[in-house]
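Those protein sequences? They're chains A, B, C and D, same order as listed. The first sequence begins at 1 in our numbering and counts up one residue at a time. The second sequence begins at 1 in our numbering and counts up one residue at a time. The third sequence begins at 1 in our numbering and counts up one residue at a time. The fourth sequence begins at 1 in our numbering and counts up one residue at a time.
FYI, nobody ran anything at the bench for these hints, they're computed from the structure. Everything numeric in this text was worked out from a predicted model, so none of it was measured. Some hints could be false.
Just so you know, same-sequence chains aren't split out, so a pair can sit in one copy or run between any two.
[Stated by the list, open to error] Derived lysine-lysine pairs resembling BS3-like cross-links, with alpha carbons at most 27 Å apart: (1) K218 with K18; (2) K58 with K18; (3) K218 with K254; (4) K26 with K218; (5) K18 with K254; (6) K58 with K254; (7) K26 with K58; (8) K254 with K26; (9) K58 with K218.
4 protein chains.
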Amino acid sequence: MTINAVVWGENVHEQTNKVVADLYPKGMHQAIADCLNAADGVNATTATLQEPEHGLTKERLAQTDVLFWWGHAAHGDVADEVVERVVEAVWSGMGFVALHSAHFAKPFLRLMGGPCNLTWREAGERERLWLTSRNHPIAAGLPDYFELENEEMYGEPFGVPEPLETVFISWFQGGEVFRSGLTYKRGAGNIFYFRPGHETYPTYHDANVQTVLRNAVKWAHNPARRIANPTDAPNTPVDQALEPIEERGPRLHKDGEEGYR
Amino acid sequence: MTINAVVWGENVHEQTNKVVADLYPKGMHQAIADCLNAADGVNATTATLQEPEHGLTKERLAQTDVLFWWGHAAHGDVADEVVERVVEAVWSGMGFVALHSAHFAKPFLRLMGGPCNLTWREAGERERLWLTSRNHPIAAGLPDYFELENEEMYGEPFGVPEPLETVFISWFQGGEVFRSGLTYKRGAGNIFYFRPGHETYPTYHDANVQTVLRNAVKWAHNPARRIANPTDAPNTPVDQALEPIEERGPRLHKDGEEGYR
Amino acid sequence: MTINAVVWGENVHEQTNKVVADLYPKGMHQAIADCLNAADGVNATTATLQEPEHGLTKERLAQTDVLFWWGHAAHGDVADEVVERVVEAVWSGMGFVALHSAHFAKPFLRLMGGPCNLTWREAGERERLWLTSRNHPIAAGLPDYFELENEEMYGEPFGVPEPLETVFISWFQGGEVFRSGLTYKRGAGNIFYFRPGHETYPTYHDANVQTVLRNAVKWAHNPARRIANPTDAPNTPVDQALEPIEERGPRLHKDGEEGYR
Amino acid sequence: MTINAVVWGENVHEQTNKVVADLYPKGMHQAIADCLNAADGVNATTATLQEPEHGLTKERLAQTDVLFWWGHAAHGDVADEVVERVVEAVWSGMGFVALHSAHFAKPFLRLMGGPCNLTWREAGERERLWLTSRNHPIAAGLPDYFELENEEMYGEPFGVPEPLETVFISWFQGGEVFRSGLTYKRGAGNIFYFRPGHETYPTYHDANVQTVLRNAVKWAHNPARRIANPTDAPNTPVDQALEPIEERGPRLHKDGEEGYR
């Protein structure tokens, strides 16, 4: 079974900043997709902010098993309609991997329900990611820690909900720590947040980071059939109750009426 | 120290449905506030949909320790601006107690990040709530189970994120179960979802339900000073790093620049 | 890759009780192993209390990917040495599936750290299991609920730690509820508790129960290499610190000394 | 209401090591008790390994609201009978605060169900604890981080179960991170693990550490009446079922029989 991944990239700094363009000549999204395509059984394509509907039509999302999201400078330019579409796709079972500055991306904020804020510093300092969940599938093949010699710092407190699992915690040279790998589930969809990936550093060319990305696409993929109507709240009529009951007392709703939203 | 609670009520069916008006002549919100005011150290007032800004001005929320929310028929009439204000107040440390049909209330949906859907049946059937977390403060003074002779049924799967703790699970006469008491934290704010409370039944007059409400206001209250700017993502300049570091490599941001949102 | 599963059965009532012997002529353990062997890529064998070392030598556990455990009348007869061996195997990455009355089995108690108590009633009443985690891999292929016409009742409060995920909750005809499918992780090992399976009923012949068992073996299996010494607490010498530090202040331990246990 | 705290100390290095004796002339346990007694409404006493039954008789534990535990060199000397007694007291509702090297103390191991292992280095290096859960009651009055200039290093992966909440994460000068403040619940008892406190440094004289200890005693305290028999698994007879049912099918147990353990 092939996993269909879509890597969404904002694709702004690649066009406007020479450092980023030199590091990622085909765009960060393409570099990440290339990394995923090196895994057996993964077919990764890309989508960008500039495409119609940001490349994320309803039809495409319906065919997407896992969506990776990288955004930074243009969070505000993502159309709310597309955001809601992404969120519903997650609820229906699509995996979602939020990368680095996507902590403030609209779909991630919507899925978390928290402020997702943090502290930051752009100094090219050393980051060391420590494994906190032994043999977690997202860490398959990795040692107990790995280093990125130049990264942006993100610091705690990180305003996310308590995760299902903490997989990585980062140490920063300047004195901070950060929960760098966190898992969640929303509706039927698996979510993974992974911290590294500042655009002015070659992070997505790092072998360990690439291992995490390839593990993450497999972890986030749910092979079950997507839920058709993930927000439905169906009425169960009294005469179809699983145990025989008789209606008692007053009621508000008429037979066959929809519930309020 | 007095806990300032505000009970927000939609106040629609109390005005339009004789059954509800007879059960709650001063409104459901007032009945709940009266219940809370019977607890030592609680000062509960009310706010309703029909008031300017739904009774939830920024100033009032700043003074509110715990906000209870009951809504059903008019979720869509709640102004998005007020919803965001409530959500930010929770992130800054205000407690939030979502009651019954508030599973589909805009602030609860925003805070959960999930679809929050369920199945339902309005048949006045028996509900029995079982305690699942021994000696949880929200269950103080309660036996291992208690019954409500007439309630609306809510059934699983309930589309909420995995909670911090499951406190109650309901058994329904017609054959369903439901996670009826769930705790969460978002930002600095404590959140409790409590299922019972359909408007056509005298649920908020029930002694055990009242015990839960009075326990919940104390549990959700966080005495710490509210966080002033709960969404701030401050930059830490290189020269103020806690450990001495030197800036290395290229960077995107200029000194003193704000981060992207 | 083949998953090696071992189904451990107490094998007492099969020998002493005609009802059980008639339902499971080859033993409950063999019935469960047969069910698992019907899945692609699973090789299930059995082990019983009566074998030397209860069939669970250190060598065999080292080759076991997932251990299923069914015990009831003879929990106290399981040797503590074997229990510790099982617990360490879980910590090193072996999956563990505790079935029904194994809530009081020694390895499960050791892994949970809680009392694992509950209420019970043996009346052959109807149990209905509801899914609470949409599209969870352990529920693959199952509808939102399924029924067992005759089962023993287990009731809340269930004295287990808050799980990573609640997958199933049971409704019982006599008025109770129970968290029937719960996931945990201890060390590197995945753990699933699954409630149904009283020995006087044909539960393990039920198609939906069999689907859960076959899903569980895949979910609990961790393909990563087992951790060699899952309880090691190694010293990191000062001169091998990842960042250069100088030793300061007094110390307790001599160079190369083991830590206390 | 006064909270009765007992601080259990191993009291070995205070007697045998001049550095420790000079730092804590009345013992570490007494220093911690003194700190707790400085809080309003707390009455803290001590117990040590050397006392009969290690100072933890059944009667005393029944009167203890929160037990603090510091041990290191003599974990193996703690009698198993006392360990089980402590564990049952936690299940019945007593709070438990495990300090530093108590990660390998028998009661903590029993309550966690995991290996609780870690890496370590005794170099007097700098530790900086970062808050990860905004406005958590255990962090009341603390800034977003605080420092200990000389501490032993503990490093990830830390072999504990996923906590209810992560409250603190430590940064170490030598390059490691560690989850330094973790909450759990076992049975009816609240549990907090707090990392700092190596005996050769003046950690328990630090003002911020003292604030954590005083917050922890209040957080861990559960004012509910202790559960009398926290491991009971009572039978509910068929004729006392909450919903009328008729016994069906074969059964194993006779009327009034105890369940198996």
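Outcome of the hint check:
For the identical chains of this complex, K218 and K18 are neighbours neither inside a copy (33 Å) nor across copies (47 Å), given an alpha-carbon limit of 27 Å. Taking identical chains as interchangeable, the C-alpha atoms of K58 and K18 are never at most 27 Å apart, the minima being 34 Å within one chain and 44 Å between chains. For a Cα distance limit of 27 Å, the shortest separation of K218 from K254 qualifies neither inside one copy, at 46 Å, nor across copies, at 38 Å. Proximity of K26 and K218 under a CA criterion of 27 Å is satisfied intra-copy only: 24 Å inside one chain copy versus 38 Å between copies.
In the homo-oligomer, the alpha carbons of K18 and K254 lie at most 27 Å apart only across protomers (16 Å), although the nearest pairing inside one protomer, at 64 Å, exceeds that limit. For the identical chains of this complex, K58 and K254 are neighbours neither inside a copy (34 Å) nor across copies (38 Å), given an alpha-carbon limit of 27 Å. In the homo-oligomer, the alpha carbons of K26 and K58 lie at most 27 Å apart inside one protomer (26 Å), although the nearest pairing across protomers, at 47 Å, exceeds that limit. Taking the shortest Cα distances, K254 and K26 sit within 27 Å of each other only across copies (26 Å), while inside one copy they are farther apart (58 Å).
In the homo-oligomer, the alpha carbons of K58 and K218 lie at most 27 Å apart inside one protomer (23 Å), although the nearest pairing across protomers, at 32 Å, exceeds that limit.
Violated hints, listed in ascending order, are 1, 2, 3, 6; each of the other numbered hints is respected by the structure.
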